[in-house]
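Build out the structure end to end from the sequences listed, making use of the hints.
Listed below, chain by chain, are the residues.
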Amino acid sequence: MADITTPTASNQFQQLRNRQNDLYRKNTQALIEAAKANNKPLVDKLRAERVKLSQNDTALLEAELAFQATQLDQSEAEKRLVTQTKRANAMVKGIKTVAKILESAGEMAGILARLVTVLS
Amino acid sequence: MSVFLRRVTILLLPTLLLACTTDRVSTEFGALNTAITEADKQITPLIEPKLEEARQQELTASAQAGDPWFLSEGCRVLLNDSIAVPSSSCRVTHIPLGDRPPLQTEATAIQRKLDVLTAYVGALELLMDASSDTAITESYSAALAAFGELGDAAKARELIDFVAKRQRQSEKQAVDKVIPAAIATLRYNRMRTVVTSSNADVKEVVRELQLHLMNLGLDKDSQQRTILQRRKALTAANEKVLGFDTSDAAGYRAAIVNLQAEQKAFMSFFQKTSVYKVGLVAEVHDALDKALRNPGSVDDIVGYLETLKSLIEAVEG
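Sequence lines, in order, name chains H and Z.
This note's numbering numbers the first residue of the first sequence as 27 and each following residue consecutively.
This note's numbering numbers the first residue of the second sequence as 17 and each following residue consecutively.
Worth flagging that the hints you see were computed from the coordinates, not collected in a lab.
Any given hint could turn out to be false.
[To be verified] Cross-link-like lysine-lysine pairs, in silico, BS3-like; alpha carbons within 30 Å at most:
1) Z/K236 x H/K78
2) Z/K280 x Z/K256
3) Z/K280 x H/K66
4) H/K66 x Z/K256
5) Z/K57 x H/K105
6) Z/K248 x H/K71
[Unchecked claim] Just so you have them, the derived chain H footprint on chain Z, three or more residues with Cβ under 8 Å:
7) 111-125
8) 228-238
9) 253-267
[To be verified] With the C-beta cut set under 10 Å, the calculated list includes, among others, these residues of chain H facing chain Z:
10) F39
11) Q40
12) D70
13) V77
14) S80
15) D83
16) Q97
17) V108
18) Q110
19) T111
20) K112
21) A114
Small disclaimer: the values here were computed from a predicted structure and weren't measured.
Note that CB positions come from ideal geometry on N, CA and C, so glycine has one too.
What follows is the structure, encoded as structure tokens:
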């Protein structure tokens, strides 16, 4: 089984985005409280903070875009998906075999009829 | 039956869990299939010029390197044997000399990733085999309901009638097809394993695709502005409002109005982009993953319906 927890560049960027999300959430919460208390200086400070967060978002996306432009080989996620696809296709073959075995065990009507006898 | 009613029915009829779960997932799976088809439909013509460019560059590089080129083995069979072979197996092919890696560009990476996703969804489709299993599953759910009430003589009669009916129906077929209901369950369980273990990878591949698509700037609005340009305008409007000195109320108001207009324009543009549509693949897959991990949870059903709504909107434009 492929280890999906292996850190990859894409995961790293995702983690950074998650951190940004946390900071945004905290900022929003603080803004709600500061606004409720009518604390204008704090509100302005938090607004200014949010501009910085937004600039960080842009810097992060630009870095990710630039990085991705250099990642033209098959990514690890792609490789794992190919493996899963192969595995799924192999399963289909396996299922067909199981189906054959079950079908050769007798017609369903016969099985149901026996079940009725056993249960009634 | 509407999707919502179908789900309510599932919540109310746990005795039919086996059959309905399979049925429910085939609906969700259908959405995933639609998502990838729609994304592919939109992206393929966008990248085609870049792919052609890459093919021409690869041809030049290959000729310069002196790679051997020839007709594939499939052509030999096609040309020399009278048996039918698929025409797609006859290609002009080449082998790169030495370790020269094939030319890869963002466009070829996009195509490869789309192929990976399409093959993956195709494999899930084979696992589901919804077209052949749906009718069978429906019949089986009726049988299951009857099984639950076997103490009831009338129900037993119903079951026997059901069996007789199935027998009549299956006269045309060599093998009675009720058995595949068990197979449908097997398929369901296995698909569940594949989907839940691939969800993170699907998200990652989709993200990579989106980054390549944004880098190439293939999605353009009516003024030929790319997503990144539009994003810049929207972000600038947001930052302007956040940094605005609110003592100038009229100026502040104008900045807010501008932000509202930018946001509205961005969203109506963004929902038509290939970046958004390929994103839906990950979203629908995620909804499918949640449904498989926690069948029947109200939150998941609501979440799934929302995803389905976005998808329908995207498909219907």
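Against the structure, the hints:
Under the criterion of a C-alpha separation no larger than 30 Å, the hint pairing Z/K236 with H/K78 is consistent with the structure, at around 28 Å. Restraint check for Z/K280 and Z/K256: the C-alpha separation of about 17 Å stays at or below 30 Å, so the hint holds. Pair hint Z/K280 plus H/K66 holds up; C-alpha atoms about 29 Å apart against a cutoff of 30 Å. Annotation: proposed proximity of H/K66 to Z/K256 holds, straight-line Cα distance about 18 Å (limit 30 Å).
For the proposed pair Z/K57 and H/K105, the alpha carbon gap of about 24 Å is at most 30 Å, so the pair holds. For the given pair, Z/K248 sits about 23 Å from H/K71 by alpha-carbon distance, which is consistent with the 30 Å threshold. With 5 residues having a beta carbon nearer than 8 Å to a beta carbon of chain H, the stretch 111-125 of chain Z meets the requirement of three or more and the stated coverage holds. Under a criterion of three residues with beta carbons nearer than 8 Å to beta carbons of chain H, the stated coverage of the stretch 228-238 of chain Z is upheld, 3 such residues being counted.
With 5 residues carrying a beta carbon less than 8 Å from a beta carbon of chain H, the stretch 253-267 of chain Z meets the three-residue requirement, and the given coverage holds. Hint status for H/F39: holds, given a least beta-carbon distance of 8 Å to chain Z, under 10 Å. Of the supplied interface hints, the one on H/Q40 holds, with its beta-carbon coming within about 8 Å of a beta-carbon of chain Z, less than 10 Å. Against a cut-off of 10 Å between C-beta atoms, the interface hint on H/D70 holds, since the closest Cβ of chain Z lies about 8 Å away.
Residue-level restraint check for H/V77 holds (minimum Cβ-Cβ distance to chain Z is 5 Å; threshold 10 Å). Interface hint at H/S80: satisfied, since its Cβ lies 5 Å from the closest Cβ of chain Z, which is below the 10 Å cut-off. Contact between H/D83 and chain Z, as hinted, is supported at the beta carbon level, the nearest pair being about 8 Å apart and thus within 10 Å. With its C-beta approaching chain Z no nearer than about 7 Å, H/Q97 sits inside the 10 Å limit, and its interface hint holds.
The beta carbon of H/V108 comes within 6 Å of a beta carbon in chain Z, closer than 10 Å, and the hint placing it at the interface holds. For H/Q110, the suggested interface contact is upheld, since its CB lies about 5 Å from the closest CB of chain Z, less than 10 Å. With a least beta-carbon distance of about 4 Å to chain Z, the hint placing H/T111 at the interface is held under the 10 Å criterion. A distance limit of 10 Å between C-beta atoms decides the matter here; for H/K112 the minimum to chain Z is near 8 Å, and the interface restraint holds.
Given hint, H/A114 at the interface with chain Z, holds; its Cβ is 4 Å from that chain's nearest Cβ, closer than 10 Å.
Of the hints listed earlier, there is not a single one the structure fails to meet.
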